[in-house]
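Asker: Since the structure of chain P is already known, use the hints to place chains A, H and U on it.
4 protein chains.
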Amino acid sequence: MDYVYGPGRNHLFVPGPVNIPEPVLRAMNRNNEDYRSPAVPAMTKILLEDVKKIFKTTTGTPFMIPTTGTGAWESALTNTLSPGDRIVSFLIGQFSLLWIDQQQRLNFKVDVVESEWGQGANLDILASKLAEDTAHTIKAICIVHNETATGVTNNLAQVRRILDEYRHPALFLVDGVSSICALDFRMDEWGVDVALTGSQKALSLPTGIGIVCASPKALEASKTAKSVRVFFDWNDYLKFYKLGTYWPYTPSIQLLYGLRTALDLIFEEGLDNVIARHSRLGKATRLAVEAWGLKNCTQSEEWFSDTVTAVLVPPYIDSTEIVRRAWKRYNLSLGLGLNKIAGKVFRIGHLGNLNELQLLGCLAGVEMVLRDVGYPVKLGSGVAAASAYFQNNTPLIPSRI
Amino acid sequence: MDYVYGPGRNHLFVPGPVNIPEPVLRAMNRNNEDYRSPAVPAMTKILLEDVKKIFKTTTGTPFMIPTTGTGAWESALTNTLSPGDRIVSFLIGQFSLLWIDQQQRLNFKVDVVESEWGQGANLDILASKLAEDTAHTIKAICIVHNETATGVTNNLAQVRRILDEYRHPALFLVDGVSSICALDFRMDEWGVDVALTGSQKALSLPTGIGIVCASPKALEASKTAKSVRVFFDWNDYLKFYKLGTYWPYTPSIQLLYGLRTALDLIFEEGLDNVIARHSRLGKATRLAVEAWGLKNCTQSEEWFSDTVTAVLVPPYIDSTEIVRRAWKRYNLSLGLGLNKIAGKVFRIGHLGNLNELQLLGCLAGVEMVLRDVGYPVKLGSGVAAASAYFQNNTPLIPSRI
Amino acid sequence: MDYVYGPGRNHLFVPGPVNIPEPVLRAMNRNNEDYRSPAVPAMTKILLEDVKKIFKTTTGTPFMIPTTGTGAWESALTNTLSPGDRIVSFLIGQFSLLWIDQQQRLNFKVDVVESEWGQGANLDILASKLAEDTAHTIKAICIVHNETATGVTNNLAQVRRILDEYRHPALFLVDGVSSICALDFRMDEWGVDVALTGSQKALSLPTGIGIVCASPKALEASKTAKSVRVFFDWNDYLKFYKLGTYWPYTPSIQLLYGLRTALDLIFEEGLDNVIARHSRLGKATRLAVEAWGLKNCTQSEEWFSDTVTAVLVPPYIDSTEIVRRAWKRYNLSLGLGLNKIAGKVFRIGHLGNLNELQLLGCLAGVEMVLRDVGYPVKLGSGVAAASAYFQNNTPLIPSRI
Amino acid sequence: MDYVYGPGRNHLFVPGPVNIPEPVLRAMNRNNEDYRSPAVPAMTKILLEDVKKIFKTTTGTPFMIPTTGTGAWESALTNTLSPGDRIVSFLIGQFSLLWIDQQQRLNFKVDVVESEWGQGANLDILASKLAEDTAHTIKAICIVHNETATGVTNNLAQVRRILDEYRHPALFLVDGVSSICALDFRMDEWGVDVALTGSQKALSLPTGIGIVCASPKALEASKTAKSVRVFFDWNDYLKFYKLGTYWPYTPSIQLLYGLRTALDLIFEEGLDNVIARHSRLGKATRLAVEAWGLKNCTQSEEWFSDTVTAVLVPPYIDSTEIVRRAWKRYNLSLGLGLNKIAGKVFRIGHLGNLNELQLLGCLAGVEMVLRDVGYPVKLGSGVAAASAYFQNNTPLIPSRI
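Going line by line, the protein sequences match chains P, A, H and U.
Using full-length UniProt numbering, read the first sequence as starting at 1 and increasing by one per residue.
Using full-length UniProt numbering, read the second sequence as starting at 1 and increasing by one per residue.
Using full-length UniProt numbering, read the third sequence as starting at 1 and increasing by one per residue.
Using full-length UniProt numbering, read the fourth sequence as starting at 1 and increasing by one per residue.
Don't take every hint at face value.
Straight-line Cα separation of at most 20 Å, PhoX-like style, residue types lysine-lysine; simulated pairs [what the hints assert, rightly or not]:
| no. | chain 1 | residue 1 | chain 2 | residue 2 |
| --- | --- | --- | --- | --- |
| 1 | P | 239 | P | 217 |
| 2 | U | 295 | U | 283 |
| 3 | A | 344 | A | 295 |
| 4 | H | 129 | H | 109 |
| 5 | H | 56 | H | 217 |
| 6 | H | 45 | H | 239 |
| 7 | P | 295 | P | 344 |
| 8 | P | 239 | U | 340 |
| 9 | P | 109 | U | 226 |
| 10 | P | 45 | P | 239 |
| 11 | P | 242 | P | 223 |
| 12 | A | 378 | P | 378 |
| 13 | H | 226 | A | 226 |
| 14 | A | 340 | H | 239 |
| 15 | H | 45 | H | 56 |
| 16 | U | 239 | U | 226 |
| 17 | U | 239 | P | 340 |
| 18 | P | 217 | P | 52 |
| 19 | H | 239 | H | 217 |
| 20 | A | 226 | H | 109 |
| 21 | A | 283 | A | 295 |
| 22 | A | 217 | A | 52 |
| 23 | A | 239 | H | 340 |
| 24 | H | 295 | H | 378 |
| 25 | A | 295 | A | 340 |
| 26 | U | 378 | H | 378 |
| 27 | U | 217 | U | 239 |
| 28 | U | 295 | U | 340 |
| 29 | A | 223 | A | 239 |
| 30 | P | 242 | P | 52 |
| 31 | H | 226 | A | 109 |
| 32 | P | 223 | P | 239 |
| 33 | U | 129 | U | 109 |
| 34 | U | 226 | P | 226 |
| 35 | P | 53 | P | 217 |
| 36 | U | 109 | P | 226 |
If you're looking for bench data, these hints aren't it; they were derived computationally from the structure.
Bound conformation, chain P alone (with noise of 0.2 Å):
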């Protein structure tokens, strides 16, 4: 038996990772294959070019690197920059500062620029840093699409309006982990030269693969950008790719197949379906946050992330306890406040595979941890506000009309 069996379902709430729909359990329910026969490279052809779909590129080119999102970053940086590089990065929440220091580990000089957590990154500073940059010394701007550790959402849009307006050349790398396949997302349109995602994030599969989607310029960049690198380097891809077979390495043939069934999915749901979708979650989960008169750790609707939310609690409560209880009495697994937010915060992950009911239980499960550790929440309250704007705003599912 497992040790952490409970009857019924685990209801799975952390932003990541995130609930694996069953057409996916099943399609990586397989044996091994040989990944030099025809079959696979086949496979793989047509997956690199679907998964730009996600990216909305059509000039992008992706890598499905067998690693985690820490893996995708690495390989965002070191593929297009050389030690000693100048790059803005903006710290605004744990998964930032964790990029940072990779950035600081890998020996780039780095302009942190930082925001209270709870705000988005701070784009007056980034203007202003490029309009004084007339040397183009800023070889990177590197952002997070979406701060997982306080559900902040940055304006990509706004970022490259700035490069635009200052002309200017820095490469423009987005971590989209918790946003691509659940927020709007376009590389190609905001001129992002590398985004990077995992797969246990909205592409709900298990972790395994950091898939990474260069811009031609930062192809370009591939080719004189000094960081050491072997198993991130893109080239072994791309000499792979042209030679047709496609892996320098063996990958997971069960998350190919599983990768293959998650874009289907979101496919047949439509991406901009998809986005719907987790704007709605987004959207309902606010609106219980609200009526149980707790505060959003976001601090301005700007910002409201439809992937994650994290709520501030009363000082007099310990956000971990929140956390804990829930796991252990109603099977329901939230997301813990992360470093400086530790014990103030818990987080509410609403991305990939989830529908309304199953963000319903959940709400009305946090309702009943509230209570459990003081916090004199209303039950019912945040599952009729979430509901009343569900009952308004959800669409028949196509398949069954």
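Answerer: Relative to the frame of chain P, chains A, H and U by itself:
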């Protein structure tokens, strides 16, 4: 892609087939095996011992027949009775009706004791019939423990008391399809002669095993019962039990392993805890129905069912539309009203491997559907009532303390 | 850990249940569903059409009953015949014996036509019985297409010719359990009235569906057949077919999806190619047996079975020991000799989703076991004979050309 | 339908990824989980202890990195060495070549000791290099235990003896990708400083975990090693080991459960029995090659590999055609010849969860393919040689005695 695909989980709240726990799905994910090897009999032997525990019998003999509940009914009847035998049977809903239909087609003389749908078996009539039957012409009493169509639980202990009062030797045959493993059921204590259930109900397996358990008295009766039977004949099983090979024909290997895991899960949780969990789920559902201002099809508390609740809708609403819309818009599967109460009730199945938050998600969904079809429910009202109850009564998950 | 665990794959060569292909395992790896939703009937409707193809019938009506082959037998008999009806039935091995036993217990008057085990049905006796029966007292001819105990395939076309010759109206009932989907079977062309198979045989599924297909004449007969039946009654199915809900009681959701995939695999390969593959596997097995210097239990080429080969062992060897040792030492599952030929034969099942190299692994294993038990086989001899045949006759896999 | 579908099982005999046992597939068939719950660390803690057993170390520290063997290589090197460090590395085939390429790209000064492909590492040269290196400028010896391209196993005990003889402090880094869990490997006894393997090899899992095990000396070296690393940095793991949360970034939940089961299977069989089984499979394969009149690519018995056999084909045959045809006609996956020996050898991988009859099926298939491409092999000859050996040497399966 599946015809029915919708994003996220299907919320399965029909009163069978019910949700299968992941450990059971895993256990069944296997190739076939030679059922004449030493391994399958070894497993079967232990299963036959363990399956007796869910009937709370030490003296009964179980048969795990590759069939459905309907087949289990037939096995119970044909092994114990002869054509022309007089039996008393209670008609209180669609499933008791179907069983009676089967009894009549099998050529028994059935004294049908009918109640209004929503009421339990009329045991006063039973008493008077037994009182009159000094010649013991009544050979069996047939009763459903829990009528799945109306959400009515009959009082089996009372049936036994009446039989004892009149010292009547009639066999006591019980359909426990939607009760065993979920409601309090005591084969030995209540002197039940044949009890039966189906794998797809509270055991939370796929359809495919009809489990029939026979008391020593029932086994004795089978020696003289003249009903024609082959596939359902207990004697064929008993012959193979003696040989130690256990199977007169090919069992489903997958279901055997699934049953093994299903029982492990039930024993790990504790059968009494499983029953207590169903009691919580049933009570919470009824509190929600009340909060919605709707009526339970079950007319009196004494018959309330902890595995299924049939909810009466106002006359201006067609309950079929509720079920249809729940499925089409919210990926929620509810039970239809059947036969006499078609269009008048919808049913919430709350049996099997299910927890509190799953049910609350369902209840939130029902609220939205009710508004969709024009019933002015206050959103969150049922969820609030149910979760208030849960918050006071749900134990910690033992494996996580 | 499983009681039976051994390193590597189990080599499953019993004549049922057989190896399940991975795509079928995947398809069945799923939660239950509401079988009263629109989805399950929609799938069932197409399945009922498609399943007719494996019977090669356009006029037949199929029933997919949640039962085993034994139940399918009972359904075939009780729906078409009345107690006391005279039938002709051929006893040529254990499974025809069991069917005859069932026929007798169901109160038909059975003219048993016995052959030596290893021989096919004696059709001369059939001819003489029909010739004599000018009053048409014989209501049905019951015959197994392929006797699984002895590896004997009967000539069904010849049965039809004899029936036609005497213009005899007897129903023609066929057990196709170990033939349909593997041997050439033509329901319409041969005028078969009821044909049946089980899911765990050449369809390569788990046990659990007995598929029975009835000709218009059989359906007509069911209107007047007086055998008592409920669970197995075709009329209950026909009623639900008309309603478009298809199921009188709960089907196995998993098996329906499994059947869908099993049929897809068969149709993709091509039913005639599937049959040709079985022909190759059967021929190769017989060549191996010959090379080993052993005798086929089947006494004449006209009856050779392409789905199972029963191999006679020398009198100084107990075939049970061969089966036991194969399992204990080589993870190889062979079929036991049954009843009259227990200890005298072991059986190699070569049906279902199986290919050439799997069989060669089995044959190599049998060779080692034969030496283990003291039969001086030349190692490699059977494999050589079989692979010489395969090397000349195996087509390229079309999906890989 | 899969592009590659063929009837029956795929016979997977590439030297990785290898066949996954059913119990492991089952264990991995699950939804994601919160890796920050108490359950995942609890499981991880035990896994880290257990995984040390497959390295035969009690003093080593293992890291289970979400990557492939290539990433594991990089982790081994960058954590222990600094750019410019001199290392000795042996080039004996394609995989040692790739590792050397990585070493050079990571800016180490590599003394490449090349052997003819088919020979093992030239340890005489190692001895002379160490003898000369009194200044201890050599920082590490890098060696593949088993070269997967040529089927050559190096003598690691001898490497240790040489190091000891010269009292040389160089680190001893071993690629055990195609050896650990299959060949005799003794980290502590042989004084290996870093050993590594990949999940998709003898552990018989999907690709996705690079397991790296570091000796105390290697851990010490990591404190001063100046190679740039983040994703592969052991320190990040060690930090989380101390915290008891174990994971610096998201692991694959499925692979953790898979690894748990894979280890359980290995421990149940007994690691030494697993190694003995590989020894049988290797020996039998070589006997078959000999019987076919073909040459082993491995030039001397001392280097024979028990996990992969590279078979030289006559000059008039293109081995690529053998691999292609095996896949297209017999559903048999063999390994290609790589680089220098492309077209000249084909490879039979016989590692992981595999048994005797599986291998015999493969060998029978190879025989047919050889004839297909014009090599006049005597059918059955290799199978006979292999099975003669098996029949004398295969133990009973303990769980079945």
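Asker: Does residue 378(H) sit within 20 Å of residue 378(U), going by the straight-line distance between their CA atoms?
Answerer: Holds, because 14 Å separates the two Cα atoms, which is no more than 20 Å.
Asker: Holds or violated: residue 53(P) and residue 217(P), Cα atoms, limit 20 Å.
Answerer: Between residue 53(P) and residue 217(P) the Cα gap is close to 19 Å, so the pair holds against 20 Å.
Asker: Are residue 45(H) and residue 56(H) close enough, with their CA atoms no more than 20 Å apart?
Answerer: Answer holds: residue 45(H) to residue 56(H) is near 18 Å, not above 20 Å.
Asker: Does residue 217(P) sit within 20 Å of residue 239(P), going by the straight-line distance between their CA atoms?
Answerer: Since the Cα atoms of residue 239(P) and residue 217(P) sit roughly 18 Å apart, the hinted pair holds (cutoff 20 Å).
Asker: Decide if the proposed pair is consistent with the structure: residue 295(A) and residue 340(A), CA atoms, cutoff 20 Å inclusive.
Answerer: It holds: about 17 Å lies between the C-alpha atoms, which stays within 20 Å.
Asker: Please verify whether residue 226(A) and residue 109(H) have alpha carbons no more than 20 Å apart.
Answerer: Distance of about 18 Å is within 20 Å: holds.
Asker: Could you grab the alpha-carbon distance between residue 239(H) and residue 217(H) and see if it respects the 20 Å cut-off?
Answerer: 18 Å, holds
Asker: Mind checking the alpha carbons of residue 223(A) and residue 239(A) for me, to see if they're no more than 20 Å apart?
Answerer: Cα-Cα ~13 Å, so holds.
Asker: Given the hinted pair residue 239(A) and residue 340(H), is their Cα-Cα distance within 20 Å?
Answerer: 18 Å, holds
Asker: For a C-alpha distance cap of 20 Å, please report whether residue 295(P) and residue 344(P) respect it.
Answerer: The given pair, whose Cα atoms are some 11 Å apart, holds under the 20 Å limit.
Asker: Would you mind confirming whether the straight-line C-alpha gap from residue 217(U) to residue 239(U) stays at or under 20 Å?
Answerer: Roughly 18 Å between the alpha carbons, so the hint for residue 217(U) and residue 239(U) holds.
Asker: Can you confirm whether the C-alpha distance between residue 45(H) and residue 239(H) stays at or below 20 Å?
Answerer: Holds - the C-alpha atoms of residue 239(H) and residue 45(H) are around 14 Å apart, at most 20 Å.
The structure agrees with every numbered hint stated previously.
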